[in-house]
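Peer 1: Throw the hints in and build the complete structure from the sequences for me.
2 protein chains.
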Amino acid sequence: MTNETHNKAEQDQDGADNSKYVKKKLLAIEAAAKVFADKGFHGATTQDIAAEMGIQQGSLYYYFKSKEQALQEVCEYGFEHYVTRMKKICDKDQPFEAKMLAIVTSHLTNYRSKHSAMKVHNDQRLYLPTERRAKIKKLGSEYRDLLEQVLAEGIEKNVLRANLDTHFIAYSIIGICNSWGSNLVRDDDLDLFDTIEQCSDLILHGTINTTPKM
Amino acid sequence: MTNETHNKAEQDQDGADNSKYVKKKLLAIEAAAKVFADKGFHGATTQDIAAEMGIQQGSLYYYFKSKEQALQEVCEYGFEHYVTRMKKICDKDQPFEAKMLAIVTSHLTNYRSKHSAMKVHNDQRLYLPTERRAKIKKLGSEYRDLLEQVLAEGIEKNVLRANLDTHFIAYSIIGICNSWGSNLVRDDDLDLFDTIEQCSDLILHGTINTTPKM
DNA sequence: CTAACTTTCAATAGATCTATAGAATTTATT
DNA sequence: AATAAATTCTATAGATCTATTGAAAGTTAG
Chain H
598 MTNETHNKAE
608 QDQDGADNSK
618 YVKKKLLAIE
628 AAAKVFADKG
638 FHGATTQDIA
648 AEMGIQQGSL
658 YYYFKSKEQA
668 LQEVCEYGFE
678 HYVTRMKKIC
688 DKDQPFEAKM
698 LAIVTSHLTN
708 YRSKHSAMKV
718 HNDQRLYLPT
728 ERRAKIKKLG
738 SEYRDLLEQV
748 LAEGIEKNVL
758 RANLDTHFIA
768 YSIIGICNSW
778 GSNLVRDDDL
788 DLFDTIEQCS
798 DLILHGTINT
808 TPKM
Chain V
598 MTNETHNKAE
608 QDQDGADNSK
618 YVKKKLLAIE
628 AAAKVFADKG
638 FHGATTQDIA
648 AEMGIQQGSL
658 YYYFKSKEQA
668 LQEVCEYGFE
678 HYVTRMKKIC
688 DKDQPFEAKM
698 LAIVTSHLTN
708 YRSKHSAMKV
718 HNDQRLYLPT
728 ERRAKIKKLG
738 SEYRDLLEQV
748 LAEGIEKNVL
758 RANLDTHFIA
768 YSIIGICNSW
778 GSNLVRDDDL
788 DLFDTIEQCS
798 DLILHGTINT
808 TPKM
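Keeping their order, the protein sequence lines are chains H and V. So my numbering is basically just the index in the first sequence, starting at one, shifted up by 597. So my numbering is basically just the index in the second sequence, starting at one, shifted up by 597.
Don't take each hint at face value.
Unchecked claim - Below, in silico cross-link-like pairs of lysine to aspartate or glutamate (EDC-like), each with a Cα-Cα straight-line distance of 20 Å or less:
id : chain 1 : residue 1 : chain 2 : residue 2
1  : H       : LYS636    : V       : GLU665
2  : V       : LYS734    : V       : GLU665
3  : V       : LYS735    : H       : ASP784
4  : H       : LYS685    : H       : GLU627
5  : V       : LYS732    : V       : GLU665
6  : V       : LYS734    : H       : GLU750
7  : H       : LYS735    : V       : ASP784
FYI, nobody ran anything at the bench for these hints, they're computed from the structure.
Peer 2: Now the structure itself:
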């Protein structure tokens, strides 16, 4: 009768398996991801998201306290898997080339198979106020650090050129992968494994012909 | 007294030098570019753009018939220079490496020196309805074609590896450049020429150490 | 100085869209 | 079956925001 919690959206960081709720909340995140990916954060309406889920606009607020929170959760959702997988790859003891292939594969596979959330993370996260981006930022720099570490190892083992700037290369790899990731999302006909292979090849060998027959 | 053209925005494809008008219209496009780059198309308001120009919200419609038209013009504005410059580079008779350097330089310089419009073109053009994107699309494919042609020449002259997919490489180059372009826009401390050099180097030579001392 | 033209302004209608609140319905529990 | 709890609905206030309109202010030219 007083102010009980009528709104699940308020008590929302527990991992407790309210099974029913948790499952539909996930659907909500995925619906938001799809809609944000298509129309952009500001271009999308809560109505769009609700429609995607087959519920009424107002009902959406049972799952999200605000549209902004929805964006935040979509971004985190899209990015968490991705960083987790990266950690696993880096932990394994593998030759450099294999690691790099695994990294590119992980990155691009994530785009194709799973989430518009990846796209939303890339394109829309800057519309979040800084407070809401803290976790995402942390994940992002974790990811880059891991990647730079892999590159540093590669240099140490003499597989990579010694004069490389790992920071620069890390950003570039992420750039290429994101760019192709977007293409994969946009164009269903694009072959995933072909793309993976070509990206890796470009990153490793560049374009120059090193054995020119004269 | 009937319906005369009170609105310049309606008669707007003439290159005639209404000097005063033309100059301020350019300021309008640049203001829109800045605001769209910061807040995104849907996140920006006509009020924001007007404020950036120091005029009232309603007055903006003297220069643009609609917010959407503003976006279209910003995208075209950002991209035209860019394609024009590309043509010049390709026409010149130069060795492959020089051409590639020039292309990367042109691309990144355009980001740093001139326009948020580049950013808007990249990030926001898909929010335009197809009709409004016709010109932009044409320019885009012109650009890619030119780039692919340069690459094909490189292969022919045996400077580049024969097994390259020019289409793929072209997209990748654009991807890397856009990615670093965004970084250049976001981070003023980033050195332009350093970035250019590193991008070119990566594209040409990749990362692998081709002369490993054992 | 006056008339014609250009540019800006102020005010607003009409159309959103977010978020809230309380009722209605469905689902789970005793 | 009766009660409690969870989920969804309807309706709406309040806050935008775009685009229009006609008047005001500024500029140019005769």
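Peer 1: Indicate, hint by hint, whether the structure satisfies it.
Peer 2: Structure-based check of all given hints:
| no. | hint | in the structure |
| --- | --- | --- |
| 1 | H:LYS636 / V:GLU665 | 15 Å, holds |
| 2 | V:LYS734 / V:GLU665 | 17 Å, holds |
| 3 | V:LYS735 / H:ASP784 | 19 Å, holds |
| 4 | H:LYS685 / H:GLU627 | 25 Å, violated |
| 5 | V:LYS732 / V:GLU665 | 15 Å, holds |
| 6 | V:LYS734 / H:GLU750 | 42 Å, violated |
| 7 | H:LYS735 / V:ASP784 | 19 Å, holds |
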